[in-house]
Every structure is written in C-alpha cells, then in structure tokens.
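> The task is simple: from the sequences and hints, build the whole structure.
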Amino acid sequence: RSAASQSIGFLSAVSIDFPFVMRAYLRHWPERCLLVWCTLIFFIGGWCLRACEYQPTHEHWPLTDAMWLFVPIFGTVGYSNLAPSTYCGRTICALSGVFGVFSMSFFIAIATGKLILTPWENYVHTFVLNTELAKEHKHQAANVIKFAWKTWFWKAKKTPLSSMRYLQMERKLHRSIGIIHEIKQKQRCLNGSTIGLPEIQIIERSTSMNTEETIRKMATLESKMDEMEGQLVNLDYGLNGTQNVL
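Under full-length UniProt numbering, think of the first position of the sequence shown as 1, with each following residue one higher.
Rather than coming from a laboratory, the hints here were simulated on the basis of the structure.
Please note that a few of the clues may not be correct.
[Claimed, not checked] Below 30 Å or equal to it, Euclidean Cα-Cα: the simulated DSBU-like pairs (lysine-lysine) are:
{"no.": "1", "residue 1": "K186", "residue 2": "K172"}
{"no.": "2", "residue 1": "K172", "residue 2": "K184"}
{"no.": "3", "residue 1": "K184", "residue 2": "K146"}
{"no.": "4", "residue 1": "K172", "residue 2": "K146"}
This is the structure in structure tokens:
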C-alpha cells in the first residue's frame with residue numbers, strides 16, 4: 001500500500017484492500033478476469049484430479065484424462081466417459097461443479113451487460129420505432145376517415161346489400177380506432193423507456209442550476225430595491241428640506 005492510496009482510503013472511509021482491488025478489476029476488465037479465473041481453475045482442478053486418482057497399475061491418471069473429466073464437470077454438464085473413484089477425486093469434482101456454477105453466472109452477467117444497448121443506441125432505436133408508429137398512426141387515421149365516410153354512405157342507402165356493407169365498414173372502423181389506441185399506448189411506453197437514471201440526473205442538475213440562477217437574480221433584485229429605497233429616502237429628505245427653506 002502506498003501513502004497516496006492510504007490517504008485516499010482514510011479520506012473516503014474506504015479500506016483499499018484485496019477485495020476492493022478485485023472488485024475494481026472485475027468492474028473494468030470482466031472478460032479478462034473471467035478468462036484468467038477459468039484458466040487457473042482448469043489447470044489447478046485438472047492437476048488435483050490427476051494427483052487424487054489412480055489407474056489399476058497404481059499410477060496417477062494422465063493429465064489429459066484428468067482435464068477431460070474436469071471440463072464437463074466445470075461446465076455443469078456432468079460426468080464424461082471417466083468417473084472419479086476416490087473420495088478426494090469426488091471432492092474435487094464437487095468443488096469444480098460449484099466453481100463452474102459461479103463462473104457460468106459470472107459469464108451470464110457479462111453477456112447480459114454486453115447485450116444492453118447504450119443510451120445513444122437506445123435513443124436511435126426508439127426514434128426508429130417512433131417513426132414507424134407515426135406512419136402507422138397516419139395510415140390508420142386515414143382509414144378511420146375512409147371507413148367513417150363509407151359507413152355513412154352505406155347507412156344512407158336503403159338496399160338489401162347496404163346493411164351488410166354497413167356492418168363491414170363499421171367493423172373496420174372500430175378496428176382502426178382500436179389500432180390507433182394501441183399505437184398511442186406503444187408511443188407512451190417508448191417515450192417512458194428512454195427516461196433512465198442519467199436523464200433524471202441531467203434534469204435534476206439543470207433544475208438545480210436554474211434554481212440557483214433564480215436565487216442569485218432575486219438577491220440582486222433585492223439589493224437594487226434596497227438601493228432605490230435609500231435613494232427615495234434621501235430624495236424625501238431633500239424635498240422636506242427644500243420645503244422648509246421655502
């Protein structure tokens with residue numbers, strides 16, 4: 001530990017120890033840490049299995065066979081064509097399964113983080129979807145006008161065919177109105193999905209700056225009003241003195 005690191009730790013009330021450093025590395029280089037972790041566990045686990053297991057000739061397993069058994073267990077698949085015969089080997093297999101579950105969860109967390117869109121990509125995707133929804137909204141609005149006119153047209157006619165046509169146009173009219181309501185709901189959901197924690201922080205920062213600017217202007221205005229009040233008092237004294245002289 002250097003003096004600078006200790007000073008930072010004392011000032012921020014954070015102990016800069018090994019877990020803190022490991023979490024920092026995991027935050028900045030998750031793929032590299034996962035690769036190093038899996039490689040170390042693979043070689044250490046394979047060597048431990050080789051040391052624990054014996055062949056019928058009372059010789060240790062080959063390292064390749066131990067690694068071949070370790071891979072499916074570490075990948076949470078199960079045993080392969082080989083199986084441990086000693087309690088030490090079974091313990092190593094159980095521990096490797098636990099470490100494999102931890103590594104798989106770590107891999108899923110990294111993959112999920114990589115699949116999440118950045119704010120700018122989310123804005124572009126939302127803009128494209130809003131454009132498509134706006135086009136569909138205009139199309140359905142035109143259909144509403146068209147079907148409303150056709151509904152009135154077939155209702156005005158008094159023929160045997162007009163009643164069936166009227167029901168068809170009325171059904172299409174209601175369907176277009178329902179689609180418009182669905183499009184509006186989707187647009188509201190899209191507009192709400194783009195508002196996240198960074199946007200809220202930006203709005204809060206902008207509001208705080210505007211509030212501070214307003215307070216500063218009000219203070220300046222109050223000081224100017226005090227100066228004007230003093231000038232009016234002096235003017236009143238001057239007028240009273242002039243009146244007394246006259």
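> Take the hints in turn and mark each one as holding or not.
Consistency of the hints with the structure:
1. K186 with K172: Distance ~21 Å between K186 and K172 Cα, so the pair holds.
2. K172 with K184: holds, 19 Å
3. K184 with K146: holds, 20 Å
4. K172 with K146: OK: K172 and K146 at ~10 Å, within 30 Å.
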